[in-house]
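*Asks:* Letter by letter, the chains look like this.
There are 2 protein chains.
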Amino acid sequence: MSDKKIPYKIYLEESEMPTAWYNLRADMKHKPAPLLDPITKKPMTAEALAPVFCDELIRQELDDTTPFFEIPEEIRSFYKMYRPSPLVRAYCLEEKLGTPAKIYYKFEGNNTSGSHKLNSAIAQAYYAKKQGLVGVTTETGAGQWGTALSMACSYFGLDCKVYMVKGSYELKPFRREVMRTYGASVTPSPSTETEVGRRILAEHPGTSGSLGCAISEAVETATKHEGYRYVLGSVLNQVMLHQSIIGLETKTALDKYGIHPDVIIGCAGGGSNLGGLIAPFMGEKIRGEADYRIIAVEPVACPTLTRGVFAYDYCDTGMVCPLAKMYTLGSHFMPAANHAGGLRYHGMSTSLSQLRADGLMEATSVSQTDVFAAAEEFARVEGILPAPESAHAIKVALDMAKECIVTGEEKTIVFGLTGTGYFDMMSYEKFHNGQMTDYIPTDEDLAAGFARLPSIDS
Amino acid sequence: MSDKKIPYKIYLEESEMPTAWYNLRADMKHKPAPLLDPITKKPMTAEALAPVFCDELIRQELDDTTPFFEIPEEIRSFYKMYRPSPLVRAYCLEEKLGTPAKIYYKFEGNNTSGSHKLNSAIAQAYYAKKQGLVGVTTETGAGQWGTALSMACSYFGLDCKVYMVKGSYELKPFRREVMRTYGASVTPSPSTETEVGRRILAEHPGTSGSLGCAISEAVETATKHEGYRYVLGSVLNQVMLHQSIIGLETKTALDKYGIHPDVIIGCAGGGSNLGGLIAPFMGEKIRGEADYRIIAVEPVACPTLTRGVFAYDYCDTGMVCPLAKMYTLGSHFMPAANHAGGLRYHGMSTSLSQLRADGLMEATSVSQTDVFAAAEEFARVEGILPAPESAHAIKVALDMAKECIVTGEEKTIVFGLTGTGYFDMMSYEKFHNGQMTDYIPTDEDLAAGFARLPSIDS
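Chains C and F, in that order, give the protein sequences.
Per our numbering: the first sequence = residues 1323 to 1780.
Per our numbering: the second sequence = residues 1323 to 1780.
Next comes chain C alone, as it looks inside the complex (with noise of 0.2 Å):
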């Protein structure tokens, strides 16, 4: 049934990969709107965007009209190190299901931090070197991004501080001392190195922590010491501009083969994986050179797409970060917490809201125990431990790949498997021992979150 000429994992030639990222922001029609200063209400500026940010980083976020940014010859010499990422022809998972459908998936995994966040780790830690800065600060809640943003830092000889929430902190050693391998301070936030720190434990002595807290200290600690900036892992155009490498990637060993997917299907969280993965795909879908079905999957215990509105919101929960135009919950939205299995963000990308928006994206949501039986299924045929957050992806392909055999369609199907799950054995532990329960939103759980947003005229 399957055609063997294309070999199970296509590998690109080094002299077949992107000298340049895609800004598919410079083919939308519509463009994402601007970031809002969350005190004037007015689009922020690269002069007010420049303590917080690296000033390359801020140039990248606000130019929507150039199509493509080389990548430094640094950037694509470390790129060398861990990519091209395969682009798997799932062959044993075909036949395994009996489906006329050809699956596909470009496969992020494969380097230590364990997903495709170092893409964008190491462009961030490059202009941040280049300008001379000492060092930057991030977040991180699950510990990719913080783990992707060592090893870059690493690399470049830049220090690295990292505020981690405080309860992933001592759930997930780890992951903290993987950071710590690559030379990186890990702080458990909320802490008392900053002001912001030392006011939340003073108002709760017990907490765990949150993103929103940990991102309030990063940017405080990068504000106040010379030399540092603070970086964002997702949502942040730039972030998706890097992460165009994985679709242009896919898109060059499709088109070498001849293959013209039918589907494209990646989970969103922020949307720096999926914005990547289909930033070429929609760029020739906006201008008419082809089509191609496009399907964001959400969990139901985060649906920003399928249930947020479409509206100006803050990016943090600490309501100090910018405002941005997108499907958001409410800054003060939290999944509750039995839901496990990431993409935990309140608000969305603003290119893919837009995309959303315009029609241009379909959406859709998935519940985690769905999730965690489609990752079991996938690892036991195709010999990967899925994250959580990639199997979102891997949930709606298995669907759809099952629905040919019914149809008898022969579908080319193409998903996104961001990342391994090495460091969330704990969640699959819940699910093996039938531990797991479901978290769905109420509608009132909703309007409480969407009543707290800000009225902006946009």
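A pair counts as met if it fits within one copy or between any two copies, since identical chains are not told apart.
DSS-like mimics (lysine-lysine), calculated; alpha carbons at most 30 Å apart, straight line:
| hint | residue 1 | residue 2 |
| --- | --- | --- |
| 1 | Lys1452 | Lys1327 |
| 2 | Lys1331 | Lys1452 |
| 3 | Lys1546 | Lys1451 |
| 4 | Lys1402 | Lys1733 |
| 5 | Lys1607 | Lys1331 |
| 6 | Lys1578 | Lys1724 |
No lab work stands behind these hints: they were computed from the structure.
Given chain C, put chain F in place with the hints provided.
*Replies:* Using the frame of chain C, we list chain F on its own:
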């Protein structure tokens, strides 16, 4: 300085992948001595091994004349799921060190088992399935072999019973969960499931178990259950045969670019990875077609090749398994508990032992604090977090590359990077916190082990 025509990562095409395993014994002038029955002290026959091992694996175990064994199509398909593994040119490391040496490493960690163990696990599971068996049993200490076997069994729909050393079972719950994800049953050893387990529990109620005890339980379960056999992840000839895929791919990749290695370095525990990596090179060396320095690296804490004796000894602590002629520290030797870096086996594959005795292979030992320092140095530049076992080879490769800075030699160094250290972060943490100490057995420690060697005329 570096010749950029060679890519960072050499991936073979599927069409270049080996189609047969190479049996180094066929080319050895002094064959490894036969396994002996622990009771009769006569060479083990296929009949005597049949209740314990799969038939085809026994055939491979006992055959020291057939140079190549064709890899069955089903195994080749599975190999394509995660192989070829990359042969990496360590440009980043060379540049950082400023060495004129050219460094290559064969990286076996890009699969969920995290190591080379999968190469043999899939072969052993295949032959068990082909024989119509229901399942297999095995023991695991750190868990890499157990994970690999679980993956292989899940692929072929075989039951997999893993006896995991109790101390490890409790300290490494994540390893256990990965195995469960692949459908294996994982039992802490000693258990009440077997006679030997019950006996040991009665004698030592609070014991945290040992590999020797877990082996005994796995063997008992295999022989007492219809349709089960016992499988082993190292030491045996059959394992070395399957692992030759590592060396064959490495040699094909080097030949493709006209690279002649001066030195080949691998870590040595039971010998599976080292034996596999060096096989085709050693074959050339024995046949006088080429010369290479070949170096086995072991921990000072368990100095089998550097301070052991070459004699017949039991393969297991329980002294129920066959006797093998090998370098050994005595079947009761155990490295001190502070030795966290793996490679704890008292003996060594009979083939590698014979090669060492014949002066065809060098051996050296390194201390674990040096090993972890080398692991960290490597991780920060090459972006891969190595397993402590693999880092033994890294340590020696780094030392040699640094010597080349002084001597100006442009040595070509190839080493085996057998796996990743994601599940070893507790040891890394000890190292980061300055709590890691070294253990070097005294001559008296070793003499105690040698005193218990069986006396065999060989």
